[in-house]
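Using the sequences plus the hints, can you model the full thing?
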Amino acid sequence: MLYRILMTVLIAATLAACAPTIGNKASLSEVSFTVGETHKSQVADTLGLPANMSRSEATGREFWGYREEAELMGITYAVPTGAGTVSTFQASTGEDGQYEFKDAAVVYVFDDQGILLDVRTPNKTVQAKQ
Amino acid sequence: MTGTTTEKRDWKMRKTLLAIAALALLLSGCVGMETKPMEAPDIEGFKAGRSAMAFVYPEKRLSYQEEVYKVFYIETRGITSEFAGMWDIDRDLSHDFARGFQGRSIDTTPVDALLTPEQQKALQGQMAAYQATDPDRGVAPFSVPQELRQALLDQGIDYLISARGLNINITAYSLTGLSLVYFPYALTVTDLRTNQSLFSSIESLNTSYDFEDSAREIEQNGLKGLRELLDTSTKTSFGDKFLPKTLGLVKDDQG
Chain A
0 MLYRILMTVL IAATLAACAP TIGNKASLSE VSFTVGETHK SQVADTLGLP
50 ANMSRSEATG REFWGYREEA ELMGITYAVP TGAGTVSTFQ ASTGEDGQYE
100 FKDAAVVYVF DDQGILLDVR TPNKTVQAKQ
Chain B
0 MTGTTTEKRD WKMRKTLLAI AALALLLSGC VGMETKPMEA PDIEGFKAGR
50 SAMAFVYPEK RLSYQEEVYK VFYIETRGIT SEFAGMWDID RDLSHDFARG
100 FQGRSIDTTP VDALLTPEQQ KALQGQMAAY QATDPDRGVA PFSVPQELRQ
150 ALLDQGIDYL ISARGLNINI TAYSLTGLSL VYFPYALTVT DLRTNQSLFS
200 SIESLNTSYD FEDSAREIEQ NGLKGLRELL DTSTKTSFGD KFLPKTLGLV
250 KDDQG
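Chains A and B, in that order, are what the protein sequence lines are.
So the first sequence is numbered by numbering that gives the first Met the number 0: it starts at 0 and just counts up by one.
So the second sequence is numbered by numbering that gives the first Met the number 0: it starts at 0 and just counts up by one.
Hints may be right or wrong, so weigh each one.
Dumping the calculated DSBU-like pairs for lysine-lysine here, alpha-carbon to alpha-carbon at most 30 Å [what the hints assert, rightly or not]: (1) B:K223 with B:K240; (2) B:K120 with A:K101; (3) B:K120 with B:K59; (4) B:K234 with B:K250; (5) B:K223 with A:K24; (6) A:K24 with B:K69.
Calculated from the structure, these hints are not laboratory results.
Here it is, written out as structure tokens:
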């Protein structure tokens with residue numbers, strides 16, 4: 000009986016665990032935009048703002064880079080340290096959430112009117128739809 | 000969330016207390032950085048003269064960090080969002096701060112009303128390049144380039160109030176649906192006639208908001224939510240106990 004109660008509590012607690020919410024509003028592999036038609040505001044409405052933005056003054060083109068997901072920066076965990084005490088520890092991955100275009104999962108290229116010109120997957124981790 | 004009215008009120012009160020505790024903890028780290036207010040003769044001149052206000056945040060970026068509850072441990076995840084071209088934050092905050100100083104009887108004009116677009120771009124470039132903090136000196140005042148200094152003096156401006164945004168940090172707590180916003184900036188008041196810095200310090204705009212599904216809801220509609228939050232936070236920072244007191248515009252017994 001006690002075992003069943005304990006298992007119920009553990010399962011309920013596990014199911015209550017949260018998922019990160021600061022990633023893109025939609026999955027990069029599931030969204031579909033039309034080259035020559037989609038405006039950058041539609042991309043922003045669908046995915047959220049890009050993680051990285053760059054503009055070519057010469058061509059007027061704008062490049063928006065998106066990550067697949069928010070980066071893991073570290074974890075905090077508690078460990079019993081004896082005599083009824085619990086201590087918390089932190090483990091860091093060394094990442095600070097900043098990144099460069101070369102790390103982008105998908106890069107959307109817009110013309111000077113904000114219309115989608117191209118969709119690139121520099122790291123080929125995501126099969127982006129067009 | 001479901002529940003009785005009393006349960007909802009209790010939950011909202013707990014979230015408010017959590018926000019206050021978290022902000023207090025964050026701001027307590029700033030207590031150790033003593034800021035010297037302006038000297039009394041300088042304050043008199045500042046109040047009598049004309050000032051220009053320039054707020055610059057070149058990075059145009061939001062840095063999110065989220066604490067994700069995972070039952071046996073807490074994950075910290077991070078991501079950035081860039082908003083260049085979506086919101087002219089430099090213009091808006093320059094105007095907000097100018098209004099704040101006007102409300103304190105300091106005759107202040109935002110720089111976009113005083114400088115040409117080329118001059119504004121030059122000023123933004125200089126403020127982007129300047130290192131606000133120095134390991135040896137602490138906060139380093141912004142040094143106004145001669146050409147821009149003369150351009151402002153020619154317009155009858157005596158002082159430049161410059162604020163260089165450092166980073167917009169948003170920490171989200173997925174368990175409570177609460178986000179804390181911390182936006183530090185390096186503030187310098189320069190007497191353009193003598194090219195002397197009268198005041199320099201790291202200040203901050205601090206606020207919080209609730210979210211339903213994602214802390215990034217604040218990006219919707221051209222960052223409307225964030226704009227409103229920072230506008231309110233700026234107004235609050237011009238209350239007696241905050242920025243005016245730090246600058247020395249309000250005496251201790253008035254604060």
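Which earlier hints turn out false for this structure, listed by number in ascending order? none
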